[in-house]
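Enquirer: Next come the chains, spelled out residue by residue.
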Amino acid sequence: MQRAYIPQAIARQPWRVILPLLALVVFGSLVLYSAAGGNIRPWAGMHVARFFVFLVMAALIARVPQEWFKRAALPIYGILCVLLVLVELIGGIGGGSQRWLNLGFMTLQPSELMKPGIVLVLAWFYSVLPVGEVNGWRAIAPAVLLLGFPAGLVMLQPDLGTGLAISFGAVVMMFLAGLPLRLFIGGALAGAIVAPIAFFTLLHDYQRKRVLVFMDPESDPLGSGYHITQSKIAIGSGGFLGKGFGHGSQSHLDYLPEAHTDFVFATMSEEWGMLGGLFVLAVFALVFHWGLKVAMNAPDRFSRLLAAGMVTTIFFYVCINLMMVMGLAPVVGIPLPFMSHGGSSMMTNMICIGTIMAVDRWSRRSGTGLL
Amino acid sequence: MKAKLPMTSAILTNKFERRTFVLGMGQATVGMLLAARLGYLSVAENAKYRAASESNRVNLTLIPPRRGWVLDRRGAALASNRADFRVDLIPDRVVDADATLATLGPLLGLTADKVDDIKARLEKARGFQPVEVGSNLDWDKFAAVSVRLPELPGVIPQRGYSRFYPTGPSVGHLVGYVGPASADDYERERNPLLITPGFKIGKDGLEKHFEERLRGVPGARRVEATASGRVVRDLGTREDVPGKPIQLTIMAGLQDYAARRIGLESGSVVVMDCLTGDVLAMVSMPSFDPNSFSDGIGRIEWKMLSEDDHVPLRNKVLRGLYPPGSTVKPMVALSFLEAGLDPSASVNCVGGLRVGNRVFHCWNHRGHGSVDMAKGIYQSCDVYFYHFAQAIGMDTIAKMARRLGLGQEFEMPYPGQSYGTVPDPAWKLRKYKKEWAIYDTVNATIGQGYMLVNPLQQAVMASRLASGLELKPRLLLDRHAPPPRSMGFSQQHLDLIHSAMNEVVNGRGTAGHARLPIANVQMAGKTGTAQVVGLNIGNGKGGQWKHRDHGHFICFAPFDKPRYACAVVIEHGGGSPSAYPIARDVMTYLFDPAKAMEVLEGFEKQWGGDVRTRMRAKYDAYAAKFGTTAPAAPDEEQAAQEVAAENKPAPEPTAAQTDAAAPAPEPEPAPVATPTPAAVPSPAPTPTPGT
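Heads up: the protein sequence lines correspond to chains D and F, in order. Quick note: the first sequence, position 276, residue 276 per this note's numbering, numbers continuous. With positions in the second sequence counted from 1, the corresponding number in this note's numbering is that position plus 371.
Honestly, the hints are just simulated from the structure, not real lab data. Check the hints yourself; a few may be wrong.
No more than 25 Å apart at the CA atoms, straight line, and that leaves these computed lysine-lysine pairs for DSS-like [to be verified]: (1) 419/F with 243/D; (2) 386/F with 293/D; (3) 579/F with 495/F; (4) 989/F with 917/F; (5) 386/F with 70/D; (6) 674/F with 996/F; (7) 989/F with 966/F.
In this text, all values refer to a predicted model and were calculated from it rather than measured experimentally.
Please build the complete structure, drawing on both the sequences and the hints.
Expert: Rendered as structure tokens:
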């Protein structure tokens, strides 16, 4: 057994997720290195460094016993709600909406933390909910309240992207918790009716414009449509093999907006082509496959829901970001996990990964009886 | 519901696993969809997006072509190009116009009114239509702007060529001027060259008429540029093809001399070659400086030009219409001769002619005594012409006037010329539904009444009288043009007219002071004074400038072998004494430039410097007085319209005239001893009131 030669502490780590993530982060930092015109600074070095810092954080989360998770779920949720209210009251103005809370030593975006937060609190809720109540209103009403309060606050900021991410995570949690299927079908129908109404009444002008421009980017080639058009040009001009490392004209000549954050996938595609894009998709497929497998093998209802919810949270990021850069969704400010430069999203995603790793630990311990 | 099995943990786990599988499948589907989309964009649509990315990356900058030169007959430049440094603003790229101008102002030394002008133009400019901030900058200013570019988005400093008119105002009306293309120009042509910073199109005169020929083909510079326009790398340059030059018949030195010689007056000078019809000088003064027009018309400049009662924006040579006064008399005399009148036939002038129960006065109320044709011309006796015109008839005179060019259209490359009127009975009937009256003939024979001509026509008349050739004014030099045909006049008749006109200057005539200071060259001429207002308002000599008589003089030299013909019109000069000294000096220049310059320099000392010095002084005075309070200059289109309105010929009187005009007094012939010494004209350009 070769395993015998590897120290236990190392062999025990979930390499099936760490290695793909490392590959993705290193690849991302290469892209950021090129986007900075061939410089480690300001993005590439920081990106890798952050990953390792948050990997340590994830490893620590992975060691937390399940009991603590369950006990902390409601208080964490409460704290996050309070922070969201604070943001609403005193938050700094940025990007046309109030999202950040200046803590003095760092700026905090509570809505970002709410994404894993909602998954945690709903996992706890459905684990304590008596099994027989799943089909009743008691399974729905509290969950809707738990979701509605923070989602409403985030939408008020207004931050449509994050609001939708939180809602999506919560809805998938309810789905996996076994709520009746007709609820979801009915909800989808209701959504189809409500969405157009909300579009014309609830959305802010700039949001409405983004959606309209998404439908027809050429209608505003120098305004909001510019992002989508330039992103599609970057991806499309890359071809199958790409223009080559350091030769992406769209990003280097500043035609691509936000080349190092939200549109990093376009930056990558331009230089690495479709091949690079397939690589990124494959790595995410591995990560999600791992995450869902962990959820399937989890020992109990709480950990199952928790792991699947965390996978869903990351998935939503990836899905919306890629659809956006490829012109399949309106421009919403959602970065691509592990590739986009940015501390907040890296932290959220690593919290999710850490939580899944924790679930993995619990199942192995209960399954094998080993530490 | 109740019939269903009770929910158990196992069922929920099973449900969870099934739904997780669905979730996984959903994710896989989304993944496939994204991969397909990726393939569609980067493989299927690759060519389209590659082209789009290439057009993003490579920026094609047009290099404005150097404009073709405008040359005089000897190849000297009337309009050329000079290399210069310039700074433009692209309105769409400017982030904060006020801040940008606040930075540029001190760097380029812009005055407050200039800054206001630029702001006004920025507001009106659309999108990428460049607005000039400064041109002809020295290297230091240019460098000072260039190093600050990162903080000045939308500011384009570049080196290029700008139009240069070496003699400035002297050729303003002749050559016209250039300026940035207007939005309308761009709408019409849709040519990206028009919105290239530094590119100018012809706005007036020859610059406008020959735009196509002068423009040339732009060069191009291919650069790799960022989205914000910063150039990263040069990819190659294609040189421009300069526009083709045009060569005029103009004599640059003469043109400039005549322009300067007009001095403080408002008037025109046209000089023609009597052998070919070449226009050697065509001057309308005061004028504008086309050099300072090319960056747009500033508010101070506009105020200064539009308030000037000497109408510097009107090309008086082609658009000014004047009653020609007595300058028509040689023409009328020739019509008499051709109709068979004996030149020695005389009439006794007693200061007036009685026709029926009316008396038509001669300008000289004391009378000229016995007057034959020659004396009628050199003493400008009105009675002689009244008398024989009655006998010979207006139709004969009008025919001759048209043959000699009055009322005729000449093909000149300028829009909006005024051609005037040569009246005859048929014309009057058509126009006013009234019969021709005796007083109409009386008026027409002394160049008053309905008769209106422009200075170019007067020059043509002088040249045709001088040469007997059917000369047409030509502005574009053509060395292979067929020689002009003869008019078919008897040489004897012409000689007679010539010698009478010679007498005007060199004998007992009305313009003794017009004698050329050149040995062996005698100039022949004819004075003319046209009344502007009736004698009841002013005597035409002094008083309000607007009420003074127009001064005319037509001439040619040498009188016995005509080579050059010239017409001078001075608006409100107080009569012909304001015109013939100018004609004399201009003609002198043709034979002895040094001698002529000496005279001019003497005058310019009195006038406060040459044309440009005076214009600058006036500009500074205006700038000091009004500064930014002057209203903004109208934009290009408005300005063009206002200039056009300015250039409209005086409307013909709507009502028919009902009486003879009193003939304006001619200057007393110097050699004739008269008891009124005050009437001796002074060669000073501005007749002082009272003389």
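Enquirer: Work down the list of hints and note, for each, if the structure agrees.
Expert: Hints, verified against the model:
| no. | hint | verdict |
| --- | --- | --- |
| 1 | 419/F with 243/D | holds, 15 Å |
| 2 | 386/F with 293/D | holds, 15 Å |
| 3 | 579/F with 495/F | holds, 23 Å |
| 4 | 989/F with 917/F | holds, 21 Å |
| 5 | 386/F with 70/D | holds, 22 Å |
| 6 | 674/F with 996/F | holds, 12 Å |
| 7 | 989/F with 966/F | violated, 29 Å |
Against the hints set out earlier in the document, a violation occurs for number 7 only.
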